[in-house]
Amino acid sequence: EPEVTQTPSHQVTQMGQEVILRCVPISNHLYFYWYRQILGQKVEFLVSFYNNEISEKSEIFDDQFSVERPDGSNFTLKIRSTKLEDSAMYFCASSEWGREPQHFGDGTRLSIL
Amino acid sequence: RKEVEQDPGPFNVPEGATVAFNCTYSNSASQSFFWYRQDCRKEPKLLMSVYSSGNEDGRFTAQLNRASQYISLLIRDSKLSDSATYLCVVNTNTGGFKTIFGAGTRLFVKA
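Which chain is which? The protein sequence lines are A and B, in order. Using the numbering used here, read the first sequence as starting at 185 and increasing by one per residue. Using the numbering used here, read the second sequence as starting at 17 and increasing by one per residue.
Just chain A, with the same shape it has in the complex (with noise of 0.2 angstroms):
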């Protein structure tokens, strides 16, 4: 069964540093998403990205984060510079269409010291 990648599992960084995570979603899917998941709280929307531009972005999507399809596989975030508060799960996920099912990647830990 196809699956969402994602990469690094884990990722340690000091704060203000800048850090890139990379996900390759399912290959005949259009759409793809960033979530973060806090330890302990819920999984929060960061931003939608279809057509090669953004399609919905969060109040926490602001301008230290960007994203990217630089080719026709990868799809990456990126954190400009890192605070202590962006440590957490960050998860990638695809669908074929908008409404249809996303399918998540097994997340990027992201711990920011």
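In case anyone wonders, no lab produced these hints; they're calculated from the structure. Owing to the predicted nature of the structure, the values given are computational and were not obtained by experimental measurement. All residues carry an ideal CB built from backbone N, CA and C; glycine is no exception.
If you want a taste of the chain B side facing chain A, the calculated C-beta under 8 angstroms gives, among others: (1) F50; (2) K58; (3) L62; (4) N107; (5) G112; (6) I116; (7) F117.
Anything over 12 angstroms on all C-beta distances counts as not near chain B; from chain A, calculated: (8) R206; (9) F249; (10) D255; (11) L297.
Use these hints to put chain B onto chain A, whose structure you have.
Using the frame of chain A, we list chain B on its own:
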């Protein structure tokens, strides 16, 4: 009012019990609805989509009431392996697609 609200839980039930999860959503324009399960420190996994006509998958039954903005999940004959957090998920097209997760309801099934 929260965008997606679930029973806070946790639910502690014996094996074989029937357990019901409830969820309400605030945006009447929401278009698609799902139940996911999440095991500790793992990714959410799709359990089932939810339709107004109701749908069933083995021991699991989901129902949507658009008029009341209410979604339910029923698990019959619960197993130890059903222990997880159950997440109500609502998808809304506000020009772009935005997906809101409920906080989840933790289920513990005991032998």
